[in-house]
Amino acid sequence: MSRLLFSLCILACLPSLLFGADTDAAWLTGIPLDKAIRIGTGTQVVIEVSDPDCRFSRRMVRYWNLRRDVTRYVFLIALKEHPDAAGKVRYILCAPDREAAYREAYAGKLDFDEKTADRSCDVQELQNLHRDVAARLGAVGTPTYVINGVKVDGAKVAEIERLLGEKKMPFDAGAPK
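Numbering (our numbering) for the sequence shown: 1 to 177.
A hint or two may mislead.
[To be verified] Beta-carbon label-pair distances, calculated as ranges:
{"id": "1", "residue 1": "D113", "residue 2": "G141", "range": "20 to 30 Å"}
{"id": "2", "residue 1": "L79", "residue 2": "C121", "range": "21 to 31 Å"}
{"id": "3", "residue 1": "V140", "residue 2": "T71", "range": "22 to 32 Å"}
{"id": "4", "residue 1": "T43", "residue 2": "D122", "range": "31 to 41 Å"}
{"id": "5", "residue 1": "Q124", "residue 2": "D69", "range": "29 to 39 Å"}
{"id": "6", "residue 1": "D113", "residue 2": "G165", "range": "17 to 27 Å"}
[To be verified] Derived PhoX-like pairs (lysine-lysine); straight-line CA-CA distance at most 25 Å:
{"id": "7", "residue 1": "K35", "residue 2": "K115"}
{"id": "8", "residue 1": "K35", "residue 2": "K151"}
{"id": "9", "residue 1": "K35", "residue 2": "K109"}
{"id": "10", "residue 1": "K35", "residue 2": "K80"}
{"id": "11", "residue 1": "K80", "residue 2": "K151"}
Worth flagging that the hints you see were computed from the coordinates, not collected in a lab.
Here the structure is a predicted model, which means the values were calculated and not measured.
Cβ atoms here follow ideal geometry from the backbone N, Cα and C, with glycine treated the same way.
Please model the entire structure based on the sequences and the hints provided.
Here's what the structure looks like:
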């Protein structure tokens, strides 16, 4: 009987031991979610670091649109290998409806467009904050996700679904072979 109880205790603790996940929201402490772009209303919280010109970040938008159980908090960065991304980040952060501007940019509607120059405001402080959050989370590329305190580098759908522990979505992010 004691072996059974011991085994059950180990199994209950195993996810936290293996994945470093907290069972509560303590991992969110200190992340300024009010400064992120909030997308969705689900009970699962996902922190995302993204570049509007990253092809994998864009592909993952389709995946996230399938999930109704998630609320994403998106922090934007412009990687140096995407020279147009900085204008798109500024366009999104200057928008009165940041979620709508995000969807516009990630759908490719700002590609090869002068529209990004039409919207400018002083968001340098907010851009710096987004970069600081990305650095704090250890994001060196995009997309980067933090789910239940566990960082996921890249468009790794299987790992994301394992961490979310919910239904599986038929989706291929198009990872290189």
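Structure-based check of all given hints:
1. D113 - G141: 20 to 30 Å: Check passed, 25 Å falls within 20 to 30 Å.
2. L79 - C121: 21 to 31 Å: With a Cβ separation near 22 Å, L79 and C121 satisfy 21 to 31 Å, so the hint holds.
3. V140 - T71: 22 to 32 Å: 25 Å, holds
4. T43 - D122: 31 to 41 Å: 35 Å, holds
5. Q124 - D69: 29 to 39 Å: 35 Å, holds
6. D113 - G165: 17 to 27 Å: 40 Å, violated
7. K35 - K115: With a Cα-Cα distance of about 24 Å, the restraint between K35 and K115 holds, given a limit of 25 Å.
8. K35 - K151: 20 Å, holds
9. K35 - K109: With a Cα-Cα distance of about 24 Å, the restraint between K35 and K109 holds, given a limit of 25 Å.
10. K35 - K80: 23 Å, holds
11. K80 - K151: 22 Å, holds
The structure fails to meet hint 6 from the earlier list, while all remaining hints are met.
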